[in-house]
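Go ahead and model the full structure; you've got the sequences and the hints to work with.
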Amino acid sequence: MEAIVIDNLSKSYGKVKALDNVSFSVRNGELFGLIGPDGAGKTTLFRLLTTLLTPDSGSAKVAGWDVVDDYLAIRSCVGYMPGTFSLYQDLTVEENLNFFAALFGASVRDSYELVEPIYKQIEPFKNRRAGKLSGGMKQKLALSCALIHRPKVLFLDEPTTGVDAVSRSEFWSMLADLKQRGITILVSTPYMDEASLCDRIALCNEGRLLGLDSPHQLVASFQSPLWAIRAKNMYALLEVARRFEGVTECYPFGEFHHLVVTDAFDAEKFARQMNRCDDFVMCEAHPTIEDLFIKLMKR
Amino acid sequence: MRAFIVLLQKEFLQIRRNSFLPKLIIVFPIMVMLLMPLIMTMDVRNVNVALVDQDQSSTSARIASHINASDYLCLSIATTEYPEAMFALERGEVDVIVQVPNRFEQSLMLDSPVKIGITANAVNATKGALGMQYVVQTIAFSLSELTEEAGRTNVSELISIENRFNPTLNYRHYMIPALMIILFILICGFLPALSIVGEKEKGTIEQINVTPVSRLVFTLSKLIPYWIIGMFVLTIAMIVAKLVYGLSPVGNVGLIYLGAALFILVISGFSLTIANLSETMQQTMFVMFFFIMNFMLLSGLLTPVDSMPLWAQNITLFLPPRYFVDILRAVYLKGAGFIDLRSSYCALLLFALFFNFLAIVTYKKRS
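Here the protein sequences line up with chains A and B, keeping their order. Those letters in the first sequence? Residues 1 to 299, by the numbering used here. Those letters in the second sequence? Residues 1001 to 1367, by the numbering used here.
Just so you know, not all the hints are guaranteed correct.
The calculated DMTMM-like cross-link candidates involving lysine to aspartate or glutamate, where the alpha carbons are at most 25 Å apart (straight line), are [claimed, not checked]:
(1) A/Lys132 to B/Glu1201
(2) B/Lys1364 to A/Asp70
(3) B/Lys1200 to A/Asp56
Here are the simulated distance ranges between beta carbons [said to hold, decoys possible]:
(4) B/Thr1280 to A/Gly162: 21 to 29 Å
(5) B/Ser1019 to A/Thr84: 36 to 44 Å
(6) B/Asn1252 to A/Gln121: 45 to 53 Å
(7) A/Pro190 to B/Arg1366: 49 to 57 Å
(8) B/Ile1026 to A/Thr161: 54 to 62 Å
(9) B/Arg1215 to A/Ser169: 35 to 43 Å
(10) B/Ile1026 to A/Pro190: 46 to 54 Å
(11) B/Leu1277 to A/Asp110: 35 to 43 Å
(12) A/Val16 to B/Thr1303: 45 to 53 Å
Everything labelled a hint here was simulated from the structure, so no lab data went into it. Every residue, glycine too, gets a C-beta built ideally from N, C-alpha and C.
Structure representation (structure tokens):
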């Protein structure tokens, strides 16, 4: 069965099309990633699926319920963690958890084994006000509160934005653990490196889907040759490389520039010419989700 | 039901943990009730009088001594030259000029008296009019004393004056119920609105909106805490009025609480509606200020509705505070009963139902 079915969903804010005829579905028990930059429409999609917004056209089903007609049923079976921390900062950790449990008519004791792996990390601070927690701890509390009523589907809107690298990887291992328990998770992130941790991902930009598949398959669909180049003066290198014959794309990528080329590209000639630059290094590179994203976006 | 209880608990916890609100709720009513009645007075005192005595008779001397003896008047200049007095009036040193013309005493005896001239500075209309009235009364009193001594019947003794319900014409007693209403409008009008918009600005309302909590339950959880606080504020204000000004309600205290219970619901429901329709604190505050200005000035809080132009009186019918002003003053000063005020109670009840219905309807869990 499909946990989420989205069918030609559109939503505009005035003249701005936040979502433009988006269709895809998420399988039961899947960890599904929505990957895209700011303004891609990720948050709008989340707000539509959690029944905070109504669509302009199209339809969507969450856990078998329609987002427009059965919105009440959806509210009690999904967990939502918005992009900004939106628990009560003036309540303590424990008070927040009890509060949200009560709003869903659940009790902390019944669901404790589900949230325990996450909650026990912040339990030593259970009497601290939520507003006084660190970023990583806030995020764990928010996840605990979103899980306390045992939702079937979990919506996490950019949960790792603004969180340190260690907390980020901890968070993803928590998600893997929740997936083991059969919870369907839809997670959005602007970080391409997190994409490979999902079962399947959808790449989106400006309200449209650019591609949808498992991270492995998506990367495999990147068929152009790819090179990584580096030199002392990176900016000059970028300028020169972009003008070279057979280069379709050249963009900064970490310490290197990635060079997307066509078959007309002569690597030896390029290396000879570029060797005039100080500390020039050139090697073949393996494409990543980010390379694919840039390629799809430019198309 | 459990959701409702935890929502209420949460609301009270948030109020208690706020560094500012608990102090405001206790200190604000006490301060307003202690200070404002002393300041807000329409009694005119210390009216400075210039006496232009061109008669220099025993009659004019008597007028002068009566002016000096008055609580309200103060004889600051005595002269024989009118221009000198006028100059003082222009400089603002005196408020009223009394001119006793030459041979005034003589003309009194002849039964065809010349007239005493009174000139008042009416820049401050109330002070001018009242000052003039006091001066007229004082002169009339002096003259009636004279006629009495001459063996004729004293005209003023034929009139007996009694001020019902506020025997000493104490403006404070008129203002204290109004101040209580201002407290309700400020505390129970602003706080619920700020609480909702605060949740909007912090984003916490988003988290509530994805829960199955109904609009009714959420709205009630915002109303009831401020309703209880309003009752508490009323109690503080009534205690201060009794202890400091010796003013206790002539009528039934229960009627006051009943009126307040309804009125707080009206004003809180109104403020929740405004908050539901606005996005930010600024919007809420300015819209609330707009309505509160009208409530304060048009509801008979400060100036009686009866003395407004007819069209304005018709507008006041749509302003809920007007009915509570009626109730509070009538119960506090006149000892009116429920039967006398039933139409005002009914009006408040209708407003309460209307605004709270609006508050529930305008609260949208989805946009």
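How the hints compare with the structure:
Between A/Lys132 and B/Glu1201 the alpha-carbon distance is near 18 Å, which keeps this suggested pair within the 25 Å criterion. With a C-alpha separation of about 16 Å, the suggested pairing of B/Lys1364 with A/Asp70 holds against the 25 Å cut-off. About 24 Å separates the Cα atoms of B/Lys1200 and A/Asp56, which keeps this hinted pair within 25 Å; it holds. Between B/Thr1280 and A/Gly162 the C-beta distance comes to about 23 Å, which sits within the given range of 21 to 29 Å.
The hinted window of 36 to 44 Å between B/Ser1019 and A/Thr84 is violated, with their beta carbons roughly 23 Å apart. The hinted range of 45 to 53 Å is not satisfied by B/Asn1252 and A/Gln121, whose Cβ atoms lie roughly 60 Å apart. The supplied range of 49 to 57 Å is broken by A/Pro190 and B/Arg1366, whose beta-carbon atoms lie about 26 Å from each other. The given range of 54 to 62 Å is broken by B/Ile1026 and A/Thr161, whose C-beta atoms sit roughly 42 Å from each other.
At about 41 Å, the beta-carbon gap between B/Arg1215 and A/Ser169 stays in the expected band of 35 to 43 Å. A C-beta distance of roughly 48 Å is found between B/Ile1026 and A/Pro190, which places it inside the suggested range of 46 to 54 Å. Take B/Leu1277 and A/Asp110: their Cβ atoms lie about 39 Å apart, and the range 35 to 43 Å holds. Under the hint 45 to 53 Å, the C-beta atoms of A/Val16 and B/Thr1303, about 51 Å apart, fit the expected range.
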